[in-house]
Amino acid sequence: MSNSARFGNHDPDARDLPPAVIRMRNIFKIYGSGSAEVRALDGVDLTIREGEFVAIMGPSGSGKSTCMNMIGCLDVPSAGEYLFRGVNVGGLDRDELALLRRHFMGFIFQSFNLLPRVTALANVELPLIYDGVRRSERKARAREALRIVGLSGREPATPNQLSGGQQQRVAIARALVTEPPVLLADEPTGNLDTGMADSIMVQLAQIRAERGITIVMVTHEPDIARYADRVLYFVDGKLVKDGTPDEVLS
Amino acid sequence: MRWLDIFVMAFQAIVRNKLRSFLTTLGIIIGVGSVVAMVHLGQSATRSVTDEIASIGSNLLFVMPGTAQRGPGGVRTSAEPFDLEDVEAIAQEVPEVLVAPAITVNPTVVIGNANETIPVVGTDNNYFVVRNHGIAYGRAFDPDELNAGSAVCIIGTTLIDEMYLGQEPLGTTLRVGRTACRVIAVLEEKGQSMGQDRDKTILMPVKAVQRRLLGSLDVQTIFVSALIDGSTGRVQKDIESLLRQRRHITSPEDDDFYVRDTQDIANALASTTNTMTILLGAIAAVSLLVGGIGIMNIMLVSVTERTREIGIRLAIGARTRDVLTQFLVESIALSTLGGIIGLLLGIGGTWLVTSRLDMPFLLAPGVMLLGFFFSVAIGVIFGFFPARKAARLNPIDALRHE
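Line by line, the protein sequences are chains A and B. Read left to right, the first sequence gives residues 1231 to 1480 (our numbering). Read left to right, the second sequence gives residues 141 to 542 (our numbering).
These are computed hints drawn from the structure, not numbers from a lab. Please note that a few of the clues may not be correct.
Footprint (simulated), chain B over chain A, 3 or more residues, beta carbon under 8 Å [to be verified]:
#	segment
1	1296–1310
2	1351–1362
3	1470–1478
Reference excerpt, derived from the structure (chain B facing chain A, CB under 8 Å, subset only) [claimed, not checked]:
#	residue
4	142
5	145
6	408
7	409
8	456
9	457
10	459
11	460
12	464
13	533
14	536
For every residue, glycine included, the Cβ atom is placed at its ideal position computed from N, Cα and C.
Full structure from sequences and hints, please.
Below, the structure is given as structure tokens:
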């Protein structure tokens, strides 16, 4: 079965709205048991549609990062159903989840998570290596991705030779090089100063406008959340507010 | 994932940590190096032993009085010595043999101002053939000299070097014990054999040694050379039955003499060196095992240290088997690299030692191949556990690892 068929789009609700990319029903994530039980996610229902730019907010410990990890298939829920493009992710094994991440998701992390002591170009190439793309094509695509984020000429630099903003741009290039339909960003500006953060957000908004990809971003800064067109607000593992930034942040 | 990319990745990881990679492989280098060196040296030793036995004389049998087995307390039971009639009898009765008597005494030999204790062998002209030690120049004993036990002698080259100090010895007179003795010939140079200088010797007619040096008619050893290849077994039996008859022995258990085949001695020595080779090889193999554990240790440390890297790889779509192969290839590359270096060092060491000790330098492709594949196998075996540990990491836990 090809991946597009496997993770194809069968959304019953899709009438006038764009199809749902992410659909969670009654998701729980529970750590520990008995009196030590912690409900990181406590019955979350949410739907994110194609092309949306969603910010997930909430105080620390509210479950926003846990929710992000669930969406990114890096962690599995204790209970509940998660459909990614209509496919029940709960029924996939470890390697199928890896393939799903490889082909359909790009990740950006607060701490950049580039491989140390490896050049920017090699970092961007990495997802393509796992995809078995030929060397010459791989290099060309990685260069193009770095050009898009404005880092042409910095290909041979290693992460410790780059500023935080530049490192995050390399991470964005790495996330986009496989042209995934979904971009997941966990506090992408958390380690950057305001000016740098804004330029990264402008970049993300621009990429989204050009490619029409879905972006889900965790942040605790209202200024950053305003770049999104929808904000989900978590408290104590529950989704308590869902609306435009103005509605939620007012 | 393409294999080329996997290898490049492993190579980069190894190069990134040069010192650690080197220290990790050191165990394998030493292990493979010592196994290869031990086995090769053992082989060379065996070869040089068999070569030396061959140089003593091929198809040679020693006949000696006494019993081959030592009695209780290691005391050899006494037995009647041979005499020249026994020698004559063997030469007459046993077909297709050449027989030489030998009486060895160790008198003081005086040449000019130099004096030294030197083994003097009383024998006849058959000795040159039987012991495969011919005359370089000069003449053999003539029959009159042999019958009369004349005071003539044939000397080894060491005497020329050490006592004549390079002067021409032919025709000179040296003193053996209290006998003045004329030099009639010089033996071919033979060199060291079994830790003995075969050139440090003097040959005299057997009767001369019996009368002038020993004062008895005994013959200590009879050398018998079988003239037909592979007939030493038959010759040995013939000699045994002849001597039993002459010494009035009814049962082989009562033999008060023994016949030794040099081939048996060669085999015994070869099997001894073989045992030593196996033993040393086994010890070296243990060091190889220790080297493997070293690799496992470092790979485990490496997995822990690179947990975050593994998390990144898993997040961007590496499957279990991608991570497994990456770490496995890394450990195999390390151990194989160590194996190749060890192989080269082992061969180099063998060459050095054999050239110093004047032993033959033999290469054993089988051992080299075995050492190589063993190092690869160590990479697989000791790399698997750490690689599996890496591959099974939970992506989110790995990513959060500090």
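Verification of the hints:
Coverage of the segment 1296–1310 of chain A by chain B holds in this model, with 4 residues showing a Cβ closer than 8 Å to a Cβ of that chain against a need of three. Using a Cβ-Cβ cut-off of 8 Å, 6 residues of the segment 1351–1362 of chain A lie near chain B, which meets the minimum of three, so the contact claim holds. With a threshold of 8 Å between beta carbons, the proposed coverage of the segment 1470–1478 of chain A by chain B is violated, since 0 of its residues qualify and at least three are required. Given hint, residue 142 of chain B at the interface with chain A, holds; its Cβ is 6 Å from that chain's nearest Cβ, closer than 8 Å.
A hinted interface residue such as residue 145 of chain B counts as satisfied when its beta carbon comes closer than 8 Å to some beta carbon of chain A; here the least separation is about 5 Å, so the hint holds. At its closest, the beta carbon of residue 408 of chain B sits 61 Å from a beta carbon of chain A; the interface hint therefore is violated under the 8 Å criterion. Residue-level restraint check for residue 409 of chain B is violated (minimum Cβ-Cβ distance to chain A is 58 Å; threshold 8 Å). Annotation: interface hint on residue 456 of chain B holds; nearest CB of chain A at approximately 5 Å, less than 8 Å.
Interface restraint check for residue 457 of chain B: the shortest CB-CB distance to chain A comes to about 2 Å, inside 8 Å, so the restraint holds. This hint holds: residue 459 of chain B has a C-beta 4 Å from the nearest C-beta of chain A, less than the 8 Å allowed. The restraint placing residue 460 of chain B at the interface with chain A holds, with a minimum CB-CB distance near 6 Å, inside the 8 Å limit. With 8 Å as the threshold, the beta carbon of residue 464 of chain B stays out of range of chain A, its nearest partner Cβ sitting at about 11 Å, so the hint is violated.
Below 8 Å, beta-carbon pairs count as interface contacts, and residue 533 of chain B has none with chain A, the closest being about 11 Å; its hint is therefore violated. The closest approach between the C-beta of residue 536 of chain B and any C-beta of chain A is roughly 4 Å, which is under the 8 Å cut-off, so the hint is satisfied.
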